[in-house]
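2 protein chains.
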Amino acid sequence: MKRRNFIKNTALIGATTAAATTALSSPALAQSKKKWIAVSAFGKAGLLGQALDGFANSVGEMSAGRLTIDTYHAGELVAPFEAIDAVQSGTAQMGYGAPYYWTGKSDSISFVACMPFGLNVQEQNAWCYYGGGIDLADKTAYNPLGLKFLPMGNTGNQMGGWYRKEVNTVADLQGLKFRMPGLGGEILKTFGTNVINLPGSEVLAALTSGAIDGTEWIGPAADLGSGLYKVCKNYYYPGWHEPATILDSFYDLKEWEALDDDLQMIVKQAAANTNLMVLSRFQAANNTALQTLINEHDVNLAPYSDELIKAIGERATTVIPELAQKSADATELYNNLVTFRKTMVQWSGYSEGNFMNKRIAASFQTI
Amino acid sequence: MKRRNFIKNTALIGATTAAATTALSSPALAQSKKKWIAVSAFGKAGLLGQALDGFANSVGEMSAGRLTIDTYHAGELVAPFEAIDAVQSGTAQMGYGAPYYWTGKSDSISFVACMPFGLNVQEQNAWCYYGGGIDLADKTAYNPLGLKFLPMGNTGNQMGGWYRKEVNTVADLQGLKFRMPGLGGEILKTFGTNVINLPGSEVLAALTSGAIDGTEWIGPAADLGSGLYKVCKNYYYPGWHEPATILDSFYDLKEWEALDDDLQMIVKQAAANTNLMVLSRFQAANNTALQTLINEHDVNLAPYSDELIKAIGERATTVIPELAQKSADATELYNNLVTFRKTMVQWSGYSEGNFMNKRIAASFQTI
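Top line first, the protein sequences correspond to chains Z and L.
Going by this note's numbering, the residue at position 225 of the first sequence is 773; the numbering climbs one at a time, nothing skipped.
Going by this note's numbering, the residue at position 32 of the second sequence is 580; the numbering climbs one at a time, nothing skipped.
Hint data in this document are derived by calculation from the structure and do not stem from the laboratory.
Wrong hints could be hidden among the right ones.
Put simply, identical chains are the same to the list, so a pair is met inside one copy or across any two.
[Claimed, not checked] Heads up, simulated DSSO-like pairs for lysine-lysine below, C-alpha to C-alpha not over 30 Å straight-line:
#	residue 1	residue 2
1	Lys737	Lys890
2	Lys890	Lys781
3	Lys725	Lys778
4	Lys890	Lys778
5	Lys858	Lys737
6	Lys687	Lys653
7	Lys781	Lys687
8	Lys581	Lys737
Using the sequences plus the hints, can you model the full thing?
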């Protein structure tokens, strides 16, 4: 029996049996206490490690200890990219990472993270919570893996990435050894880039050894701490490949379905809260970190050239739909996202995009 | 004693006194049950009425009934703009509205809502949660009124507003009777506009009677339901006056401070969750509503003219700092926001703003 039903039923018994209810409630509450293990693809020390710990603490506190979650960060229990295996095998009950880390498991799951030139963060959240996105991601990507999905963080618009040498032309992409997960990496492959996927914890070593020539990571706040500037000095924007990447929490589907309604609500709200807090923390810290990178670490900040943006954009229009043909699930997810994107691009053109262009006019800078 | 301390203390008693603990816990839990009344400035039927009800339900469910909140929407217990008085007088324990509705109570509180040409929604949330915004709003605006503040919704970038007749020049603003709360209205006053503030429930009647010539409201999703198109056909963008308006939940400060730590966390997370959900729901619905307004209700969608935007922007740079001189609290809040805005405008220029301009290039439209 779910706890809520238990409470409803005992309430029906009425005040005269209060003593009996009290006698019952202690073992019933003890029975419903759960202890979960969470495994993460992200390191403990960084913002995303703190986000997972904060999530776990708040679930424990809000549920008054009825659901407690022990967190294991990257490498503490399993290797970063094995977080999904740990949940599928029952070693852990939940995992934390980014959907495109699990591309080997699913042809559709990368589309949940973001699409090159796709939705920005407001639009991603609109899709998730009021565009049917969470349900569709479950149907086409997570449920087939025995998992339940909830968004639990967003990077906002990322930086384009770090390069040892300048990249200005399409020719510069050829033969480049570059770390880029997800759909963006699939586009670069068609330009002859040697695309490599590595967990964040291994990127600096790979750059230092020369195994890779460059990498995208997240944005200034996360990138400063990762020390990538020690090897690469060319830092490009904007993150065409990751306009706003959803970080995923995923749960053993059977554990999720067995959870009492009120505990499901607590987990849902804690995940949504973490979603907003991760974005807000990145946003609040990004510019200060960027200025530190420029002024203290001699980083060259530059926009991608028009040539590159134009060429990559054109290539995206053929590569992404092709990738969406790999399975019926991927096709369904992609088609839904494309339709949603069209209406969002139109709305954002009248609102956010238009406003931001007006705001940067010189006369408003003194406010 | 706070409940968390009670649990800690009883845990220290140890397992041998489990029976005594059980006997104690029933009256202790009963004692700590609280029932709050919430009053809102918004109508029950709309998205914001549903948001408040959803918030109250989730607090009740997550707290397993230890804190239940009865909601009274606009006019159900008090008039919309009297919500703050109801909380200050102890009739209600929390209220819901928009900070600029309480301008009569505080010279600084309008700055909490938003600033003309100010922060967008990502930036507002970054300021609130990781830029010290909530604490500063409490210090400079809410605490002096005996209240605690938490953001509980954001409209995102609003539409510019509804006008019976076209407005193209500065001369068109003179003598206009226009509803616009907050700092934007203060700017319009300097152009000779007769600025009026009315709760949403009274706007359509005022338009119909000719008491006002136009109004700003929120955005298409909310505006469609309000029926403003029945009187006004000219619908302008972007919302220079409200780039991203924070909706406020506010709590009797003594009630808030008396709340157990875990109940404070539940309320905080439910409010942050509602903050994200309100924005996401508006975003998901806005463009469909906008197309309905255009195609089924003959609404003329138009950008504000460059002349108007330029003139209003220049005026903002003198009017807003003057308003910030009204009190030390307002000055402190304004100075903080201006500093935060500078770093955000810089970062958004490299990220969101830059990306959105790249994305609207024609070649990406087919994705």
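Structure-based check of each hint:
| no. | hint | in the structure |
| --- | --- | --- |
| 1 | Lys737 x Lys890 | within (26 Å within a copy, 38 Å between copies) |
| 2 | Lys890 x Lys781 | between (36 Å within a copy, 25 Å between copies) |
| 3 | Lys725 x Lys778 | within (18 Å within a copy, 60 Å between copies) |
| 4 | Lys890 x Lys778 | between (40 Å within a copy, 28 Å between copies) |
| 5 | Lys858 x Lys737 | within (16 Å within a copy, 46 Å between copies) |
| 6 | Lys687 x Lys653 | within (15 Å within a copy, 50 Å between copies) |
| 7 | Lys781 x Lys687 | neither (42 Å within a copy, 42 Å between copies) |
| 8 | Lys581 x Lys737 | neither (49 Å within a copy, 60 Å between copies) |
In terms of the numbered hints stated before, the structure departs from hints 7 and 8, listed from lowest to highest.
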